[in-house]
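Top line first, the protein sequences correspond to chains X and E.
Position one of the first sequence corresponds to residue 23 (the numbering used here), numbered consecutively onward.
Position one of the second sequence corresponds to residue 299 (the numbering used here), numbered consecutively onward.
Calculated directly from the structure, the hints in this document are not laboratory data.
Positions of the beta carbon are idealized from the N, C-alpha and C atoms, including for glycine.
A portion of the hints provided could be inaccurate.
Stated by the list, open to error - The following label-pair restraints were derived from C-beta to C-beta distances:
{"#": "1", "chain 1": "X", "residue 1": "G90", "chain 2": "E", "residue 2": "L424", "range": "48 to 56 Å"}
{"#": "2", "chain 1": "X", "residue 1": "Q131", "chain 2": "E", "residue 2": "A466", "range": "43 to 51 Å"}
{"#": "3", "chain 1": "X", "residue 1": "G55", "chain 2": "E", "residue 2": "R415", "range": "37 to 45 Å"}
If you want the building blocks of each chain, they are given just below.
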Amino acid sequence: MSLLSIERVTKRYSRGRLERVAIRDISLEIEHGELVAVWGARFSGRSTLLRVAAGVELPEEGRVLFEGRDLAECRDRVLGRRIGYCQTGSSPAQRGLVIEHVSAGLLAQRALPRQARRRGQELLLRVGAEDCARLECHELAGAEVVRVAIATALATAPSLIVIDEPTAGVDLLERDPLLSLLRAIANEGTAVLMSTGEAQGLSGVDRALSIDSGELRGELRREQAEVVQLRRAERGARGR
Amino acid sequence: MLEPDAQPRTDDADCAALRSQVACAVLALVIEKPSHGYEIGQRFERRFGAFMSVGRSSIYAALGSLMEAELIEKLANRASTGVSQGAKAGASYRATARGARAYRAWLAERVRSDPQRVAMIGRMALAGVRSVEAALDFIARYEQECVREAQELERPGEAPATAVDGIAGALERLLVDERRRMIDAQLGWITYARAELRALHAGSARPAS
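For reference, chain X alone in the conformation it holds in the complex (with noise of 0.2 Å):
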């Protein structure tokens, strides 16, 4: 059984009298611990799969399946525990010391204060953001506000964290340490399903994938890739 089993989902929204279909007709398996990748151009439907396959929007048809069961009726025992959704957009308006933000996930799960707190200074000091566990929320800038978003989805120990263009708004070169410790994640157990608009977002993942118009295009496996890269070597060996 798949981690999270999207089957045949199609989602629209209205606009006045219009009707747009966000994504038609995806189907997508991810596995424990995989690392998989979905770029698109903006508005190509990266963003609603992601929603979807968080539980955090549900869709007008077909299903999605967490650890095979429909998250249309278990969403709310899911998302935000088995599932984390990091909201990596920075909000201004957002208050409060970034520790209290992290561990709040974990008072709502009924752990003790003292507990929970320590438990989010450890989850900061892993995602390389332990200096920021006194700052205000809307003090975060960049980079930070990602890594404090994946600390707070990593509270509840999901067993797949699902985000949305992780570098966007990310200095350059803070995008690679971002992107290596999504890996990390992955390599730890944790699924992650991530969208990206930079050919920088697809380096090493487990699975790439394309959408364009709501359509998801071709995937491919590490191990595929490694079976491609194999046989150029060797096409290359042979032209010489």
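For this one, chain X is given, so just place chain E on it according to the hints.
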């Protein structure tokens, strides 16, 4: 040895000497470290063996042509340069300033895309892709190739290159980034091309008024 006043292009003699990829690789190794022929052969195998398989005679032929073009020179006094001397060590070579400049110019020319290849692919596409549907299919496959190439690119080390990594670490990182940006440009073009082809398809499907 390495002069900062790089000239933008190689002259004719340099071009002739650098026509062989083996000669260019040998020149790079000599720039990296003055060496004798046998050692260059060993380093060539370690560094470029996965891409080019050449015999020792080709290495010495490359050294000869580089010498003739004055891109490298024989070392006057090996002992003073620290070049190792073993039983197999013959003459030792080092790059001239002209050689270092010519190599950088050659490298810069190779890093940019090959216009002949692009033109050739353009003509092949014109001959073999004869409908909007076929063009859209070609575009979709091209997109998959770009995505695949981006996936295959190794992510550079976690931290930006530092003084400890030196110029080699920085260049490695920057060349990967250069390739990614090329792929971004290709993917951007694909998005544009797809939109234009779809508009064309919609226009051709609409009945004439």
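Structure-based check of all given hints:
Against the hinted window of 48 to 56 Å, the Cβ-Cβ separation of X/G90 and E/L424 comes to about 51 Å, which satisfies the hint. A C-beta distance of roughly 49 Å is found between X/Q131 and E/A466, which places it inside the suggested range of 43 to 51 Å. At roughly 39 Å, the beta-carbon separation of X/G55 and E/R415 lies within the given 37 to 45 Å, and the hint holds.
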